[in-house]
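Visitor: Sequence:
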Amino acid sequence: MNTVLSAMSLDYPSRKLSVYVSNDGGSSVTLNAVREAWRFSRFWVPFCRKYEVEVRCPEAYFSDHGSIGGSEDDDDEYVAHRKIIQERYSVFKDALEKNSVNASKSVSRDHPPTVEVMKDENEDSSGLREMPLLVYDAREKRRGHPHHFKGGAVNVLLRVSAVISNAPYFLVLDCDMYCNDPSSACQAMCFYLDRKVSSSEIAWVQFPQQFHNATERDLYDGRLNPNLVCFCLLLIKS
Numbered sequence: 000m001n002t003v004l005s006a007m008s009l010d011y012p013s014r015k016l017s018v019y020v021s022n023d024g025g026s027s028v029t030l031n032a033v034r035e036a037w038r039f040s041r042f043w044v045p046f047c048r049k050y051e052v053e054v055r056c057p058e059a060y061f062s063d064h065g066s067i068g069g070s071e072d073d074d075d076e077y078v079a080h081r082k083i084i085q086e087r088y089s090v091f092k093d094a095l096e097k098n099s100v101n102a103s104k105s106v107s108r109d110h111p112p113t114v115e116v117m118k119d120e121n122e123d124s125s126g127l128r129e130m131p132l133l134v135y136d137a138r139e140k141r142r143g144h145p146h147h148f149k150g151g152a153v154n155v156l157l158r159v160s161a162v163i164s165n166a167p168y169f170l171v172l173d174c175d176m177y178c179n180d181p182s183s184a185c186q187a188m189c190f191y192l193d194r195k196v197s198s199s200e201i202a203w204v205q206f207p208q209q210f211h212n213a214t215e216r217d218l219y220d221g222r223l224n225p226n227l228v229c230f231c232l233l234l235i236k237s
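Numbering of the sequence shown is given in numbering that gives the first Met the number 0, commencing with residue 0 and proceeding in unit increments.
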């Protein structure tokens with residue numbers, strides 16, 4: 000759920016940001032975890048935006064490599080607010096652990112589709128909302144019918160999002176990763192909105208995977224450097 004929370008707290012207008020969680024196993028444990036993540040996000044997202052926190056994955060933020068950037072540690076208001084959020088995060092983790100008992104037994108290869116939308120109760124009649132939209136999606140699976148693995152899951156996400164938010168751009172994030180730069184979505188959009196480059200010539204913008212605790216001898220250059228932002232572009236020339 001740290002992946003979900005890091006995506007929900009990106010520096011991007013809430014009314015334009017929707018986060019979709021694909022649960023290919025149809026597990027009720029994941030659905031309950033998404034509901035818990037939504038409850039915690041009501042505190043986490045405003046905290047990150049108020050203090051301009053750089054590390055917006057709660058687990059990383061409260062670890063040794065977290066809490067960098069944003070307000071100074073000697074800011075009494077920030078320190079007090081951070082303590083409250085940390086306590087809420089502990090409650091959130093305890094709820095997830097209790098919910099995860101017998102998680103493996105809840106996974107099914109034969110289940111109907113499920114879509115549940117978590118939305119801000121404070122959304123007014125004009126459609127403006129304080130929080131990003133969070134949507135849980137479990138596609139239908141039946142024994143004997145090919146599901147096409149991740150490709151099939153992304154296909155369903157595209158179809159569901161077309162009905163709910165119908166956004167022209169789609170960011171794919173693996174569940175074992177998190178957004179280490181809150182401005183990453185805006186940075187990627189700069190390529191599509193650059194007047195010097197035709198958006199029809201850009202197929203996709205990719206951030207390379209980077210990791211904490213990688214050794215200095217890492218052959219794949221995957222060590223996380225907070226001061227370095229890398230992109231990979233696929234350009235299509237007609």
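Because the hints were derived from the structure by calculation, they are not lab data. Cβ coordinates follow ideal geometry from the N, Cα and C atoms, glycine included. Honestly, I wouldn't trust all of these hints.
[As the list claims (entries may be wrong)] Computed cross-link-like contacts, DSSO-like style, restricted to lysine-lysine with a CA-CA straight-line distance of at most 30 Å:
1. Lys97 x Lys15
2. Lys118 x Lys140
3. Lys92 x Lys149
4. Lys82 x Lys97
5. Lys92 x Lys82
6. Lys149 x Lys195
7. Lys149 x Lys118
8. Lys15 x Lys49
9. Lys92 x Lys49
10. Lys118 x Lys97
11. Lys118 x Lys15
12. Lys118 x Lys49
13. Lys140 x Lys82
[To be verified] Ranges between beta-carbon positions, derived for each pair:
14. Glu139 x Arg48: 34 to 44 Å
15. Val171 x Glu115: 38 to 48 Å
16. Gln186 x Glu129: 17 to 27 Å
17. Glu96 x Phe190: 34 to 44 Å
Visitor: Hint by hint, say whether it matches the structure.
Guide: Verification of the supplied hints:
no. : hint                        : in the structure
1   : Lys97 x Lys15               : violated, 33 Å
2   : Lys118 x Lys140             : holds, 26 Å
3   : Lys92 x Lys149              : holds, 27 Å
4   : Lys82 x Lys97               : holds, 23 Å
5   : Lys92 x Lys82               : holds, 15 Å
6   : Lys149 x Lys195             : violated, 34 Å
7   : Lys149 x Lys118             : holds, 26 Å
8   : Lys15 x Lys49               : holds, 19 Å
9   : Lys92 x Lys49               : holds, 23 Å
10  : Lys118 x Lys97              : holds, 24 Å
11  : Lys118 x Lys15              : holds, 13 Å
12  : Lys118 x Lys49              : holds, 21 Å
13  : Lys140 x Lys82              : violated, 43 Å
14  : Glu139 x Arg48: 34 to 44 Å  : holds, 37 Å
15  : Val171 x Glu115: 38 to 48 Å : violated, 20 Å
16  : Gln186 x Glu129: 17 to 27 Å : holds, 24 Å
17  : Glu96 x Phe190: 34 to 44 Å  : holds, 40 Å
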